[in-house]
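Chemist: Okay, here's what each chain looks like letter by letter:
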Amino acid sequence: MTTNHTTPAPFLPIPAPAARIGTAAGATLALIGTFLAWTWTDQFPGDLTVTGYPGGLQVLTLISAALTLLLALSGYGIRGLRWLTPGGTNSPVRLLALGTLGTTGYTIGAIAYDLGGIVNLEPGAWVSGIGALIAALTALGLPGDQPHTDTRATAWQRFRNSLGAPQAPRPKALPSWAEILIIVAAFGIGLYVFAYGIDTDYTELFIGFLITTGFAFTALHRAGLVSRLTALTTKHRNITLAAALVAAVCFPFTQQKEEYALIGANILIFGTVALGLNVVVGLAGLLDLGYVAFLGVGAYAAALVSGSTMSAIGVEFPFWAAVLTGAGASLVFGVLIGAPTLRLRGDYLAIVTLGFGEIFRLTVNNLNGNSGPDLTNGSQGIPSIPDLNFFGFDFGLKHNILGFDLGRSANYYLLMLVFTAVVVLVFRRSGESRIGRAWVAIREDETAATAMGINAFRLKLLAFALGATLAGLAGTVQAHVNYTVTPEQYQFAGSVPPNSAFLLAAVILGGMGTLSGPLVGAALLYLIPAKLQFMQDYQLFLFGIALILLMRVRPEGLVADRRKQLEFHENDQPDVPEPRQSEETGAGIAKAGA
Amino acid sequence: MNTMTTTKTPTTVLDANGVTMRFGGLTAVRDVDLTVNTGEIVGLIGPNGAGKTTFFNCLTGLYVPTEGKVSYKGTVLPPKPHLVTQAGIARTFQNIRLFANMSVLENVLVGRHTRTKEGLWSALLRLPGFTKAENASRERAMELLEFIGLADKADHLARNLPYGDQRKLEIARALASDPGLLLLDEPTAGMNPQETRVTEELIFAIRDQGIAVLVIEHDMRFIFNLCDRVAVLVQGEKLVEGTPDIVQSDERVVAAYLGTPFEGAPGAEEAAEVEAAEASTAKATAATDADSNTSTSTEEEDTR
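So the sequences go chain by chain: Z and A. For what it's worth, my numbering labels the leading residue of the first sequence as 671, then goes sequentially. For what it's worth, my numbering labels the leading residue of the second sequence as 3, then goes sequentially.
Note that these hints are calculated values from the structure, not bench results. Some hints here could point you the wrong way.
[What the hints assert, rightly or not] Under the rule of at most 16 Å between Cα atoms (straight-line distance), these lysine to aspartate or glutamate pairs were calculated in the EDC-like manner:
1. A/K82 - Z/D871
2. A/K71 - A/E120
3. A/K134 - Z/E1102
4. A/K119 - Z/D871
5. A/K119 - A/D180
6. Z/K927 - Z/E986
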């Protein structure tokens, strides 16, 4: 870069050294404040009355302030801290300072609201609050990381620009053991954060958690750490998958409460089905709005052969046979529904699949003995599905493993994890094969794909059937986890997440065509409504707003496929792929999954 | 491979017999016969709307011809694009149709689809044949990219390639299916003279590999340099077919492109007449304008 290299003007006109000192001092002050009492009574959840030991929401302020301080010090170029900010230096500090202010401000507001007035605040809250305010204001005076594109920008545009940061330069090569350690550590931290989020006992703490993690994650992204980690995970894909699996296995051991382990199990079911849908939507580009019906087919098939007393077929299959039955039934339905509908393209396909999804629900509703043959017990569904029992290991009972108590939900969580791993493997392997390339080609240009010798109809049917089978697999476990299957679980849009609208949202929110995207999307879409009970009534409304915002700000989804990222941000990111490694011919090729 | 061109025992690769394509009342292609032999480059020219691309679509199964049949090396082709490609006919498109969001290498790998057999189970279970087939495909794809000179851009997204490279990549993708006949639909459209010359070299090189080429083009210098034989399509009918010399000197071809300046004027006097007409330009342009207006009414595009 030989262009004139002037430091971009800060958002607030404060001299840079003063701003830096102010930020560090404010963050320190906020940090100290968390060790003091914030309120006089333990009426406010989390007990913020103890001096010398932060608790509840104070911990979040503590972590946020500590990170702010750390990155602010990194801005001084202190040796040993510079690796924290390979990308932007000042914008992450700004974001973290704002996050600290957000968390602290929210806590103060919540205390004042819950207990009736700001008189209930103790000095500690004021110390932290003022510290966070100083940090946030002075952080806005730090110079920007990227130049202004427009000199006549409005205040809002300048503010947004000051939060942006340039891409991190390519990192120095580390020894591979160090890279692997970094990946493992990242998954450890990820597991801890996720477990902490699920473990939040009261709404205030969860909202504080969302504010803190939201700002902190964005800050780390701006600092360039996220992209470095992504580069490492793409390099060591198998190790990443293994680390992710280990982290996922560890999860139930961190959860003491049954209901939180159940959230984990449901997230896994939701995520697995979303990943199955990703084969259909993300890879082959077939917009399927009735996908949840295949989950229903699997669940009903498993319920019918589960030995439930209410099942119309009084048989009890062993679980492996039930799984095959469920997956097989979904496969058959997938082919039956796919064969006539896949001749349509685009919007027409979406409408027809939407119709078939509803037909499934209505049919199941009517097979009750009155308006049709008695098979599914109508709207009552099939209740009292017995717990699984593997060689004397009863899934319904609590087991003590390595000194940890694993309850019913934890058992099913681990079982479901096996299925998730299978689906992850199927997604990855099919996506990277000749078949997966043909799917992507069909998604890109069906006519050109057929002219390249691809039998488009057959491959679309294959994607549809494979997706259906994967959903059926998940359905067999879901039937056992929920004790009961009812038609209302499998509608297009409802308040309980695994339904077609939410599945599609998880795929789009997470990132179409990627491996981790739908899992992340499913976790967010399940966790947030499950933890915020008060917004259950407005769930669909808020969900719609969130989707609109996401499409405006990040249309490629949270986890971007490299292709999608380029597609939506063509102008600001020229495509400079990594230089090809000459010795390993196939290693540098872009993959369907991320 | 080069032996095929030297032995010169022309066997028919493509035999289109009485191909007719009607869209409702409009006959876009009427009773066209065309043969292409091994080691031959055949050109297909004609004014806009003459039905060239429609004829191509009939050959490759994108359209089902209303009448007539197309056979490849003696077997009649089923009107299904993927079966035609599998039989050994590959094509490019007039308006570039790459898989824009796939990498350059992946585009070529998609072209290998018909020549590989590894199915879903093989991919899921990573059967022993899978890695072998995959590596062989990649090797062949890289070979092709080297052949057209895009090997160093293998990881770029197809959409980010410059226009000329996109055209080349389309050819590489078509070649990936190991065709016996390559159909090129206006391969030099929008290219500068230098790029056109490079493409010309490329097509000769493809021919030298023993692949017959059928090419649609508007650039007359390009087509007459390149082709062993040229067929002229006018208003859906084949007007002339022969060596470039014959076609170039055929007055009906000139008339089809430029219009007949004076009706009933003897062919021998035509040149003199045209020269005379150049003096009164206004009259001549009026005549050609009127003629070209009638022919553009049947604008052809692959509408699928």
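Chemist: Below or equal to 16 Å on CA atoms is what counts here, so check A/K71 against A/E120.
Modeler: Outside the cut-off at roughly 32 Å; violated.
Chemist: Would the pair A/K119 and Z/D871 pass a check requiring their Cα atoms to be no farther apart than 16 Å?
Modeler: violated, 55 Å
Chemist: So if I understand the rule, the pair passes when the alpha-carbon distance is 16 Å or less; does Z/K927 with Z/E986 pass?
Modeler: violated, 31 Å
Chemist: Between A/K82 and Z/D871, is the straight-line Cα distance small enough, at 16 Å or below?
Modeler: violated, 61 Å
Chemist: What's the verdict on A/K119 and A/D180, does the C-alpha distance respect the 16 Å limit or exceed it?
Modeler: holds, 14 Å
Chemist: So if I understand the rule, the pair passes when the alpha-carbon distance is 16 Å or less; does A/K134 with Z/E1102 pass?
Modeler: holds, 14 Å
Figure legend: structure checked against the earlier numbered hints; hints not met, in rising order: 1, 2, 4, 6.
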